Structures are given as C-alpha cells and as structure tokens.
Amino acid sequence: MAKQARAVQTWRSIVDAAASVFDDYGYERAAISEILRRANVTKGALYFHFASKEAIAQAIMDEQTSTVDFAQEGSPLQSLVDGGQQFAYALRHNSMARAGTRLSIEGVFLGGPHPWGDWINATAGMLELGKERGEVLPHVDPMVSAKIIVASFTGIQLISEADTGRADLREQVAEMWRHILPSIAHPGVIAHIKPEGRVDLAAQAREKAEEAEREAQEIAAAAEAARGAAPAGRSGGSATRGGEEAGGGTREQPGGEGADEPAGASVGGRI
Numbered sequence: 028m029a030k031q032a033r034a035v036q037t038w039r040s041i042v043d044a045a046a047s048v049f050d051d052y053g054y055e056r057a058a059i060s061e062i063l064r065r066a067n068v069t070k071g072a073l074y075f076h077f078a079s080k081e082a083i084a085q086a087i088m089d090e091q092t093s094t095v096d097f098a099q100e101g102s103p104l105q106s107l108v109d110g111g112q113q114f115a116y117a118l119r120h121n122s123m124a125r126a127g128t129r130l131s132i133e134g135v136f137l138g139g140p141h142p143w144g145d146w147i148n149a150t151a152g153m154l155e156l157g158k159e160r161g162e163v164l165p166h167v168d169p170m171v172s173a174k175i176i177v178a179s180f181t182g183i184q185l186i187s188e189a190d191t192g193r194a195d196l197r198e199q200v201a202e203m204w205r206h207i208l209p210s211i212a213h214p215g216v217i218a219h220i221k222p223e224g225r226v227d228l229a230a231q232a233r234e235k236a237e238e239a240e241r242e243a244q245e246i247a248a249a250a251e252a253a254r255g256a257a258p259a260g261r262s263g264g265s266a267t268r269g270g271e272e273a274g275g276g277t278r279e280q281p282g283g284e285g286a287d288e289p290a291g292a293s294v295g296g297r298i
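When the sequence shown is numbered by the numbering used here, its final residue is 298 and no position is left out of the sequence of numbers.
Calculated pairs, EDC-like style, for lysine to aspartate or glutamate (alpha carbon to alpha carbon, straight line, at most 20 Å):
| no. | residue 1 | residue 2 |
| --- | --- | --- |
| 1 | 158 | 100 |
| 2 | 221 | 202 |
| 3 | 174 | 202 |
Label pairs and their computed distance ranges (CB to CB):
| no. | residue 1 | residue 2 | range |
| --- | --- | --- | --- |
| 4 | 101 | 252 | 40 to 50 Å |
| 5 | 248 | 206 | 43 to 53 Å |
| 6 | 202 | 96 | 15 to 25 Å |
| 7 | 53 | 191 | 18 to 28 Å |
| 8 | 98 | 166 | 23 to 33 Å |
| 9 | 39 | 219 | 37 to 47 Å |
| 10 | 214 | 98 | 17 to 27 Å |
Since the hints were made in silico from the structure, they are not lab data.
Keep in mind it's a predicted model, so treat the numbers as computed, not measured.
By construction, the Cβ of each residue, glycine as well, lies at the ideal position given by its N, Cα and C atoms.
Could you build the full structure based on these sequences and the hints that come with them?
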C-alpha cells in the first residue's frame with residue numbers, strides 16, 4: 028500500500044509538472060529535462076510510469092475533462108451552462124485545463140481518439156437529457172448542437188486569450204449561451220437559465236484545491252512512513268526509490284531509475 032502511495036505521488040508530480048511545461052511551451056518545444064526539473068523526479072521514475080512524451084500528453088488530455096462536473100439533477104441546460112463556466116474558470120486558474128486545451132488545438136492526437144470527443148459526447152448527453160425533461164426543443168439534434176457548442180467555446184476562448192489573457196472569458200461564454208439558447212431551448216425555459224452560471228466557481232475551486240492538498244499530504248505521509256519502515260541493507264533484491272523499481276529496469280531505460288542521459292536527450296527518438 029505504501030509503495031502504491033509513492034507511485035501515485037510520483038505519477039501525480041510528473042503529470043502536474045508536464046502540464047505546466049506543455050502550457051508554457053506547447054508539445055513540440057516541451058523538453059523532458061524541464062518536466063523532470065519541475066517534477067523533481069529521476070528520468071527512470073518518469074519512464075517507469077510513461078513510455079514516452081506522447082503518453083504524458085495523452086494523460087493530460089484525459090485529465091482535463093475532470094475539471095468539469097455536469098450535475099445530473101435539476102435543469103440539464105443549466106448544468107451544461109455551469110459546466111462551460113467551470114471550464115472557463117479552469118482555463119484561467121488550472122494549468123491542466125490550459126495544457127490539455129493547447130495540446131488539443133495543436134492537433135496532438137497521438138493516435139488516440141479525437142481530443143474533443145469527450146467534450147462533444149458529454150455535451151450531447153446533457154442535451155439529450157434536456158430533451159427527455161422537456162427543456163430542449165424536439166427538433167434539436169443533440170450531436171449536431173454539441174459540436175456547434177464545443178466549437179463556439181473553443182473559438183471564443185482563443186479570441187479571449189489573445190485579447191485579454193482570458194480575463195473576459197466567462198463574460199464571453201455567457202454571451203455565447205445567450206445567442207445559442209434561443210435556438211435549442213423552449214422559450215419558457217430560457218428565462219430561468221443563468222448564462223453566467225449559478226455556481227460560486229472560486230469557492231468550488233478552493234474546495235477542490237483543498238481536497239487535492241489533503242490527498243497529497245496523505246500520500247506523502249504514507250510514502251514517508253514506508254521509507255522509515257523499509258529494512259536497510261537488503262542484498263540480492265532490487266532496490267526501490269519513490270515506488271518505482273530501480274534494479275530491474277524500466278519500460279524505456281534498461282538501467283532503471285539510476286540510469287540517465289544528458290539533459291534534453293531523446294529516448295527511443297520520441298522525446
């Protein structure tokens with residue numbers, strides 16, 4: 028359990044550090060050496076968890092969707108609006124959201140599914156639920172409308188980034204909904220929808236940050252306890268460091284965590 032906690036802590040450190048690097052430099056210019064520096068892990072530890080820079084980028088694109096929760100209770104359309112405002116807020120305050128968006132816009136698909144697929148499918152699902160509950164007009168095609176909504180949001184956030192560093196993004200997203208809602212929602216429903224969102228996003232972000240900090244502290248405490256309890260001077264077996272095997276090698280580094288190469292060099296030609 029303690030070994031698993033160390034591994035989780037290392038994985039989290041790598042992904043968070045990589046998100047900040049991809050956010051700053053984009054995919055092509057992101058250097059493995061900078062990810063290692065920000066994560067404060069060895070190259071062997073990184074390659075124990077990720078086979079390549081592509082794998083790290085894919086993890087970030089997968090993670091960014093966790094920044095939004097679409098509430099299933101209440102009004103589906105209001106939940107959809109709230110989710111968009113949550114992500115607008117995250118784009119200003121969360122490097123994971125920014126990095127995932129930048130990677131998607133740069134076209135870093137990595138052989139996997141289209142990076143916008145999760146957003147489109149989630150939006151279409153909420154629109155379908157809205158039809159079932161009588162909020163969305165009968166003629167609306169949820170998938171077609173979902174693609175328009177996601178594409179509109181993407182374009183608006185790019186313009187907002189260029190104009191104000193996304194300082195006005197939430198206001199621009201609210202305007203987007205004021206234009207889109209009349210074409211998809213029953214008139215009687217629109218009056219009850221708040222385009223600016225109904226959630227205290229700052230308080231919600233603080234709550235999530237505090238929860239993440241508590242989890243990080245618990246993982247760190249478990250890892251520290253494991254290090255203190257580990258028997259010293261074992262022979263014949265492989266040593267471990269930070270929850271990753273260091274004697275038997277890793278996916279990409281034959282020498283394990285102890286092996287290294289000049290900073291910025293590539294492994295397998297991928298990074």
